[in-house]
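Engineer: Sequence:
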Amino acid sequence: MADSALLREILDAQLETVCRFRADGTILFVNRAYAATLGREPHELTGRNLWDFVTGEDQAHVRAMLLNLTPAQPELTIENRFEAAGGTRWMLWRNHALEFDDAGAWSVAQSTGIDITERKQLEEQLKLLVDELNHRVKNTLMVVQAMAHQTFRGEGAADGRISTFSDRLAALSGAHDALSRTNWAGARLADIVNHGLLICRADDMRLDVSGPEVIMPANATVSLVMVLHELATNAMKYGALSGLTGRVTVRWALDDSEMVVIDWVESGGPEVNMPERKGFGSRLLAEAIPRQLGGRVDLDYDRAGLRCRIAVPHFRPFPGTQDD
Numbered sequence: 001m002a003d004s005a006l007l008r009e010i011l012d013a014q015l016e017t018v019c020r021f022r023a024d025g026t027i028l029f030v031n032r033a034y035a036a037t038l039g040r041e042p043h044e045l046t047g048r049n050l051w052d053f054v055t056g057e058d059q060a061h062v063r064a065m066l067l068n069l070t071p072a073q074p075e076l077t078i079e080n081r082f083e084a085a086g087g088t089r090w091m092l093w094r095n096h097a098l099e100f101d102d103a104g105a106w107s108v109a110q111s112t113g114i115d116i117t118e119r120k121q122l123e124e125q126l127k128l129l130v131d132e133l134n135h136r137v138k139n140t141l142m143v144v145q146a147m148a149h150q151t152f153r154g155e156g157a158a159d160g161r162i163s164t165f166s167d168r169l170a171a172l173s174g175a176h177d178a179l180s181r182t183n184w185a186g187a188r189l190a191d192i193v194n195h196g197l198l199i200c201r202a203d204d205m206r207l208d209v210s211g212p213e214v215i216m217p218a219n220a221t222v223s224l225v226m227v228l229h230e231l232a233t234n235a236m237k238y239g240a241l242s243g244l245t246g247r248v249t250v251r252w253a254l255d256d257s258e259m260v261v262i263d264w265v266e267s268g269g270p271e272v273n274m275p276e277r278k279g280f281g282s283r284l285l286a287e288a289i290p291r292q293l294g295g296r297v298d299l300d301y302d303r304a305g306l307r308c309r310i311a312v313p314h315f316r317p318f319p320g321t322q323d324d
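Sequential numbering from 1 applies to the sequence shown in the UniProt record's numbering.
In case anyone wonders, no lab produced these hints; they're calculated from the structure. Do not take every clue at face value.
To be verified - Here are the in silico distance ranges between beta carbons for each label pair:
#1 Glu57 - Gln125: 14 to 24 Å
#2 Asp256 - Pro290: 14 to 24 Å
#3 Gln121 - Leu6: 30 to 40 Å
#4 Asp12 - Glu99: 19 to 29 Å
#5 Ala103 - Leu254: 34 to 44 Å
#6 Gln145 - Glu276: 27 to 37 Å
#7 Tyr238 - Glu118: 50 to 60 Å
#8 Met142 - Ile116: 30 to 40 Å
#9 Met142 - Leu98: 49 to 59 Å
#10 Lys127 - Leu244: 39 to 49 Å
#11 Arg161 - Thr245: 26 to 36 Å
#12 Gln125 - Leu98: 32 to 42 Å
#13 Gln125 - Thr77: 20 to 30 Å
Please read all numbers here as calculations on a predicted model, not as lab measurements. Even for Gly, the Cβ is constructed at its ideal location relative to N, Cα and C.
Model the full assembly from the supplied sequences, consistent with the hints where possible.
Structural biologist: Next comes the structure, spelled out in structure tokens:
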């Protein structure tokens with residue numbers, strides 16, 4: 001058997017669809033699996049244009065993505081809809097540029113694809129479920145807030161308990177917002193810190209917040225937002241943010257043990273004294289971080305300003321996709 005015939009037999013035995021094409025879309029070769037998705041024989045597709053089979057709404061995106069093929073980066077993955085014989089299907093294509101012109105633009109490429117329609121349908125169902133969950137959480141928080149106002153009106157309004165409770169609900173709602181943006185897969189630590197500091201004005205020049213891109217798991221998001229909210233509340237009532245000259249620095253970094261370390265440092269405020277009793281914030285720090293998240297907390301009532309170091313396990317970064 002000639003080498004070309006053997007190669008053809010190998011490609012036709014593959015379950016994945018294979019298509020080789022020129023930069024203008026002219027099809028040079030397809031295997032039997034590719035042809036079968038279109039209800040054709042392989043030889044019938046030679047000379048046809050692959051753009052005839054890419055769903056119209058996806059063509060601009062796919063064309064733009066293919067421009068990223070370079071001699072330095074000859075491979076990329078694209079997900080797009082494909083007009084198959086049985087209807088529109090979602091395909092995941094692994095594209096490999098095979099030839100380039102003198103200017104470095106690709107002239108011939110080959111795509112190997114698999115059908116991911118069922119996965120896409122499941123993702124859509126998951127999105128609907130998450131949207132419904134987020135809607136229900138928001139409604140529940142609104143009901144809880146209304147119940148609190150009814151329960152504590154009068155005396156509760158006078159001593160600020162309703163306001164404190166509403167601020168905590170707002171922080172909790174912010175934590176759920178951060179999670180909903182990633183379908184509850186986790187949240188960026190920068191978003192967590194921002195929601196935790198929601199009680200402070202976003203443009204408050206007394207805040208200094210910085211740190212690398214870190215993803216926290218979903219189970220850590222709510223706890224960290226609430227802990228940071230309590231630290232911010234305490235700083236506004238008694239600490240560095242209770243006056244005009246104080247500052248709060250929030251910085252985080254990854255240490256050698258794969259923990260993310262968050263440093264909360266107050267300065268320039270009133271002299272700090274050890275509290276006589278533990279409030280909600282102190283109890284939250286002591287319980288949420290070690291028990292729920294497997295982390296540790298070091299709290300230092302330095303007279304010059306409260307210092308709090310929180311160390312918790314972090315998450316892997318959100319996987320980058322080349323078709324974003």
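Engineer: If a hint holds in the structure, say so; if it does not, say that too.
Structural biologist: Hint-by-hint comparison with the structure:
no. : hint                        : in the structure
1   : Glu57 - Gln125: 14 to 24 Å  : 21 Å, holds
2   : Asp256 - Pro290: 14 to 24 Å : 20 Å, holds
3   : Gln121 - Leu6: 30 to 40 Å   : 38 Å, holds
4   : Asp12 - Glu99: 19 to 29 Å   : 23 Å, holds
5   : Ala103 - Leu254: 34 to 44 Å : 42 Å, holds
6   : Gln145 - Glu276: 27 to 37 Å : 31 Å, holds
7   : Tyr238 - Glu118: 50 to 60 Å : 56 Å, holds
8   : Met142 - Ile116: 30 to 40 Å : 38 Å, holds
9   : Met142 - Leu98: 49 to 59 Å  : 58 Å, holds
10  : Lys127 - Leu244: 39 to 49 Å : 46 Å, holds
11  : Arg161 - Thr245: 26 to 36 Å : 29 Å, holds
12  : Gln125 - Leu98: 32 to 42 Å  : 38 Å, holds
13  : Gln125 - Thr77: 20 to 30 Å  : 23 Å, holds
Taken one by one, the earlier hints all hold for this structure without exception.
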